[in-house]
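Asker: Sequence:
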Amino acid sequence: MKKFFKIVFPLFVGLLMVWSLTRKVEWDVVLQVLQRGISWGWVAVSVVLALFSHIIRGLRWRLQLRTLGVNPSAHDMALAVFGNYGLNLALPRVGEVWRCSYVARRYHLPFSTTFGTMVSERLVDMVVAGVMTLTAFLHEREHFAQFLAGSDGGQRVLDLLSSPWLWGAFAAMLAVVLLSARYFHHTMAYQFVSGFIHNMWLGIKGLKDVPNLWSYLLWSVALWVCYYLNSYTCCFFFGFTEHLDAWAGLAIFVMGSLSLVLPVQGGLGPWHYAVGTALVCYGIGHELPDPQVQAFIWTSWSIEQGFVLLLGLYAMAVLSIRK
0 MKKFFKIVFP
10 LFVGLLMVWS
20 LTRKVEWDVV
30 LQVLQRGISW
40 GWVAVSVVLA
50 LFSHIIRGLR
60 WRLQLRTLGV
70 NPSAHDMALA
80 VFGNYGLNLA
90 LPRVGEVWRC
100 SYVARRYHLP
110 FSTTFGTMVS
120 ERLVDMVVAG
130 VMTLTAFLHE
140 REHFAQFLAG
150 SDGGQRVLDL
160 LSSPWLWGAF
170 AAMLAVVLLS
180 ARYFHHTMAY
190 QFVSGFIHNM
200 WLGIKGLKDV
210 PNLWSYLLWS
220 VALWVCYYLN
230 SYTCCFFFGF
240 TEHLDAWAGL
250 AIFVMGSLSL
260 VLPVQGGLGP
270 WHYAVGTALV
280 CYGIGHELPD
290 PQVQAFIWTS
300 WSIEQGFVLL
310 LGLYAMAVLS
320 IRK
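Under numbering that gives the first Met the number 0, the first residue of the sequence shown is numbered 0, with each subsequent residue one higher.
Just so you know, the hints here were simulated from the structure itself, not pulled from any lab data.
Warning: the hint list may mix true and false statements.
As the list claims (entries may be wrong) - Label pairs and their calculated CB-CB ranges: (1) F169 / V47: 40 to 48 Å; (2) Q34 / V96: 28 to 36 Å; (3) A171 / E241: 45 to 53 Å; (4) D27 / L217: 45 to 53 Å; (5) S214 / R121: 12 to 20 Å; (6) H242 / Y106: 42 to 50 Å.
Ideal Cβ positions, reconstructed from N, Cα and C, are used throughout, including at glycine.
Make a model of the complete structure from these sequences and hints.
Answerer: Structural data, given as C-alpha cells:
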C-alpha cells in the first residue's frame, strides 16, 4: 500500500498540475503557433546532446566500476543508462535500482556496492547542479524573485525549510538511528542493514580510488554542460524564444531541474509548471495558458521524453536478445 501511494500520489499531483495548466488553454491557437514552424535542425542538435549526456553518464560510471575490479564495456554502460531512464518513465526511481541490479548481475558484484557507486555519482551531480543553481540564482536573481513571488509553492518550500517541525523530525530520526546502533547491534536485522551500508560505503569510497579523478570530474562537468545545452537549444525551436540569452537558458534549465525533485513520470506537471512560469518571467507570454508558453513546454517535453522512451526500448530489446 505504501509503495502504491508513493507511485500514485506524485502522479496524481502531476496530473492535477497539468489540468490546472491546460484548462484555460486555447488549443486551436497553440496549433497555429506550431504550424508556423519548428526549427527541426535545432531539434536534431538537442536530441544529439541528449544522447551524448546518456553516453557520458555511462562512461563516467565505468570509471568508478573499474575500481571494483571489473571493466564493463562502453556499450553495456550505455544500455544500463538508457534502460534506467526508460524505466523511470513507467515507475520513477525504479530505473536506478534496475541499473545497479543489471550491472551487479552481469559483472558478479554485490548490489549494495554498485548502488553505492551510483549514490556517490549522484552526490557529485548534486555538487555540480548546486554550483549551476547558485550561479543562476545570483546572476538572474530578479527573475527568480519574480518566480517565487508568483508561486505559492515556492513560498511553501521556504516555509517548510524554516519550520521547527522539520528539524525536530530530523533530530528524532537521528536519535532513533543512534539508539538502534547501541541497543540492537546484535540482531540479524541490524547486521543486515549495517552490512548493506558498509557495502554501499565501499562504493562511495571507491570514488577516491578512481585512477584519474580529474577525468571523472571532467566527465561530470561535460555531463551537466550537455544537460544545459540540451535544454537551452530548445529555445531555438521557435522564433519567439530564440532571443533568450545563455543566462536565461540557464535559469530555465535550473527551474526545470529543481522541479524534478517530485518523483513524477518524466516530470509531468511540475516540469511544465516550473519551465512555463520561468518563460513568463522572461516575457514569453503573460500567463501560463499563453499559447506560446504551452507550445514550447509541450513540444520540448514531448521530444525529450519520446527520445528517452526510444532509447529505453532499444536497451530492453538488446538485453532481451542477449538472453
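Asker: Give a verdict on every hint.
Answerer: Status of each hint after checking the structure:
| no. | hint | in the structure |
| --- | --- | --- |
| 1 | F169 / V47: 40 to 48 Å | holds, 43 Å |
| 2 | Q34 / V96: 28 to 36 Å | violated, 43 Å |
| 3 | A171 / E241: 45 to 53 Å | holds, 52 Å |
| 4 | D27 / L217: 45 to 53 Å | holds, 48 Å |
| 5 | S214 / R121: 12 to 20 Å | holds, 19 Å |
| 6 | H242 / Y106: 42 to 50 Å | holds, 49 Å |
Figure legend: structure checked against the earlier numbered hints; the only hint not met is number 2.
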